[in-house]
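Chemist: If you read the sequences in order, they're chains A and B.
Under the working numbering, the letters of the first sequence match residues 345 to 457, in that order.
Under the working numbering, the letters of the second sequence match residues 131 to 245, in that order.
These are calculated hints, taken from the structure and not from any lab test.
Note that the structure is predicted; figures quoted are calculated from it, not measured.
Yeah, the Cβ is synthetic: ideal placement off N, Cα and C, and Gly gets one too.
Just to be clear, a hint being listed does not mean it is correct.
What the hints assert, rightly or not - Here are the computed distance ranges between Cβ atoms for each label pair:
| no. | chain 1 | residue 1 | chain 2 | residue 2 | range |
| --- | --- | --- | --- | --- | --- |
| 1 | A | 430 | B | 209 | 37 to 45 Å |
| 2 | B | 185 | A | 439 | 24 to 32 Å |
| 3 | B | 188 | A | 361 | 45 to 53 Å |
| 4 | A | 383 | B | 137 | 15 to 23 Å |
| 5 | B | 142 | A | 347 | 42 to 50 Å |
What the hints assert, rightly or not - Chain B is faced by these chain A residues, among others (derived, beta-carbon under 7 Å):
| no. | residue |
| --- | --- |
| 6 | 434 |
| 7 | 442 |
| 8 | 446 |
| 9 | 451 |
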Amino acid sequence: KAGVTQTPRYLIKTRGQQVTLSCSPISGHRSVSWYQQTPGQGLQFLFEYFSETQRNKGNFPGRFSGRQFSNSRSEMNVSTLELGDSALYLCASSLDQTSYEQYFGPGTRLTVT
Amino acid sequence: AQSVAQPEDQVNVAEGNPLTVKCTYSVSGNPYLFWYVQYPNRGLQFLLKYITGDNLVKGSYGFEAEFNKSQTSFHLKKPSALVSDSALYFCAVRDRNTGGFKTIFGAGTRLFVKA
Numbered sequence: 345k346a347g348v349t350q351t352p353r354y355l356i357k358t359r360g361q362q363v364t365l366s367c368s369p370i371s372g373h374r375s376v377s378w379y380q381q382t383p384g385q386g387l388q389f390l391f392e393y394f395s396e397t398q399r400n401k402g403n404f405p406g407r408f409s410g411r412q413f414s415n416s417r418s419e420m421n422v423s424t425l426e427l428g429d430s431a432l433y434l435c436a437s438s439l440d441q442t443s444y445e446q447y448f449g450p451g452t453r454l455t456v457t
Numbered sequence: 131a132q133s134v135a136q137p138e139d140q141v142n143v144a145e146g147n148p149l150t151v152k153c154t155y156s157v158s159g160n161p162y163l164f165w166y167v168q169y170p171n172r173g174l175q176f177l178l179k180y181i182t183g184d185n186l187v188k189g190s191y192g193f194e195a196e197f198n199k200s201q202t203s204f205h206l207k208k209p210s211a212l213v214s215d216s217a218l219y220f221c222a223v224r225d226r227n228t229g230g231f232k233t234i235f236g237a238g239t240r241l242f243v244k245a
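The shape of chain A in the complex, shown without the other chains (with noise of 0.2 Å):
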């Protein structure tokens, strides 16, 4: 079964832009969940998606944003994009509620100049 997939893998990006990121979960899962991870500030949680809607939403600004379709794809987007979002950005997959591992993919690097 193929694991998480995250596009693109790099990207590079100027301040005042804004980017979209895409996750696609392992198959038949059906909660994603995203991450920012920086050397400053560790991993920081940003929101979670569960059958198209958001269940839980970390303390990030209103510029970052998220969907999921009913696919369970999911895409996350900054706007207004500051050098300080340049980060490492994680999907992770659940199965459903009643799972309780979190299934990371690879990560979008991304490179805000």
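Please arrange chain B on chain A, whose structure you already have, making use of the hints.
Modeler: Below, chain B alone, put in the same frame as chain A:
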């Protein structure tokens, strides 16, 4: 508020020796606890979890962890370290009363195993 502390930025151990990576947590209710490992340029891989029951949990690659409620700790252990265990290890906690998969991660501990 939930939090996770990994007091050591780095742990060095010789191959064949036992290893311990420390983790303490703070959560209002009863926690779900996890360990993940990250290799360079890769996402996180699940190692083991504590949900309920036996305080000693066994996971992948020979790792185990002991849940200690009174000390709010969940230390990761392995009886005999391998060079290939060298990686970044994250302890994580989830409040079982919150619902969903919002998970709080520690800062990570880099493990170096020397041959």
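Chemist: Tell me, which hint numbers fail for this structure?
Modeler: 5, 7
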